[in-house]
Amino acid sequence: EAGVVQSPRYKIIEKKQPVAFWCNPISGHNTLYWYRQNLGQGPELLIRYENEEAVDDSQLPKDRFSAERLKGVDSTLKIQPAELGDSAVYLCASSPRLGGRNTDTQYFGPGTRLTVL
Amino acid sequence: KQEVTQIPAALSVPEGENLVLNCSFTDSAIYNLQWFRQDPGKGLTSLLLIQSSQREQTSGRLNASLDKSSGRSTLYIAASQPGDSATYLCAVTFYNQGGKLIFGQGTELSVKP
Chain A
48 EAGVVQSPRY
58 KIIEKKQPVA
68 FWCNPISGHN
78 TLYWYRQNLG
88 QGPELLIRYE
98 NEEAVDDSQL
108 PKDRFSAERL
118 KGVDSTLKIQ
128 PAELGDSAVY
138 LCASSPRLGG
148 RNTDTQYFGP
158 GTRLTVL
Chain B
2 KQEVTQIPAA
12 LSVPEGENLV
22 LNCSFTDSAI
32 YNLQWFRQDP
42 GKGLTSLLLI
52 QSSQREQTSG
62 RLNASLDKSS
72 GRSTLYIAAS
82 QPGDSATYLC
92 AVTFYNQGGK
102 LIFGQGTELS
112 VKP
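Residue numbers (our numbering), protein chains in the order written: chain A, 48 to 164; chain B, 2 to 114.
FYI, nobody ran anything at the bench for these hints, they're computed from the structure. Be a bit skeptical, because a hint or two may be false.
[To be verified] Within a straight-line C-alpha distance of at most 30 Å, the following computed DSS-like cross-link-like pairs (lysine-lysine) qualify: (1) Lys109/A - Lys43/B; (2) Lys113/B - Lys43/B; (3) Lys62/A - Lys125/A; (4) Lys109/A - Lys58/A; (5) Lys109/A - Lys62/A; (6) Lys58/A - Lys118/A; (7) Lys43/B - Lys63/A; (8) Lys58/A - Lys125/A; (9) Lys125/A - Lys43/B; (10) Lys109/A - Lys125/A; (11) Lys118/A - Lys43/B; (12) Lys125/A - Lys2/B; (13) Lys43/B - Lys62/A; (14) Lys109/A - Lys2/B; (15) Lys69/B - Lys2/B; (16) Lys58/A - Lys43/B; (17) Lys63/A - Lys125/A; (18) Lys109/A - Lys63/A.
Bound-form chain A, shown alone:
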């Protein structure tokens, strides 16, 4: 079974440029998460989708970040414009079931390492 796929794996851009990350979750997984991991820290949730609905985006900086999950499968996370402080690893994860009592393991992709110069 294929795992969570993310692309690109690495991205280097200059500040004020836009950037987009793509995630394909494990087939059949209804819940999708985007996390940001700063160097030396644990991941922090940016947004959670249940199917195509964003049910928790409280940590997403909405002035410059946006995300979508059309048709409840693939997802794209965008930053426009990027700032120096956005340099981090962006991780996508998925889990099978829905709901606030979700106790399933989350399966993580390899991440996209973003460097903003």
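Dock chain B against the given chain A, drawing on the hints supplied.
Just chain B now, kept in the frame of chain A:
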């Protein structure tokens, strides 16, 4: 604020040694606690998942314990090997957080041959 803390931040041990990694959390109202492994440049791999009703879980040389009342978990690694070198992350799913994982900062483990 619901927080997860891991100590130490880094640990270096000789091969063959048994070791313990620590995780503490601020709220006992949890659904579960997970231990993950992260290799450099890679994503996270789930090692053990302990539901709130459980006290421990074991997988091979790994044993994780959970004490909700004290807000603590430990990950015990027996007979460590150089291949165990990685960063180990503890993550908690608290009530009323919709399945969101709250991660600790991680412990970077180095096992020397």
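Check: Taken at face value, is the distance from the CA of Lys63/A to the CA of Lys109/A at most 30 Å?
Finding: With a Cα-Cα distance of about 16 Å, the restraint between Lys109/A and Lys63/A holds, given a limit of 30 Å.
Note to self: Does Lys43/B sit within 30 Å of Lys118/A, going by the straight-line distance between their CA atoms?
What the structure shows: holds, 28 Å
Check: Can the restraint linking Lys69/B and Lys2/B be considered satisfied, given a maximum Cα separation of 30 Å?
Finding: Roughly 17 Å separates the two Cα atoms, so the pair holds.
Notebook entry, point to check: Is Lys125/A close enough to Lys2/B, meaning Cα to Cα at most 30 Å?
Noted result: holds, 28 Å
Check: Has the given pair, Lys109/A with Lys125/A, been kept, meaning a C-alpha gap of at most 30 Å?
Finding: holds, 10 Å
Check: CA of Lys43/B to CA of Lys63/A, is that 30 Å or under?
Finding: Distance of about 27 Å is within 30 Å: holds.
Check: Is it true that the CA of Lys109/A sits at most 30 Å from the CA of Lys58/A?
Finding: holds, 21 Å
Notebook entry, point to check: Does Lys58/A pair with Lys125/A here, judged by a C-alpha cut-off of 30 Å?
Noted result: holds, 13 Å
Note to self: Checking one constraint from the list: CA of Lys109/A to CA of Lys62/A, max 30 Å. Satisfied?
What the structure shows: Distance ~17 Å between Lys109/A and Lys62/A Cα, so the pair holds.
Next item on the list: Compare the distance between the alpha carbons of Lys109/A and Lys43/B with 30 Å, and conclude whether the hinted pair is satisfied.
Entry: holds, 27 Å
Note to self: Next pair to validate is Lys58/A with Lys43/B; report whether the Cα-Cα distance is within 30 Å.
What the structure shows: holds, 15 Å
Note to self: Would the hint linking Lys125/A and Lys43/B be met if the CA-CA limit is 30 Å?
What the structure shows: Since the Cα atoms of Lys125/A and Lys43/B sit roughly 21 Å apart, the hinted pair holds (cutoff 30 Å).
No hint from the list above goes unmet by this structure.
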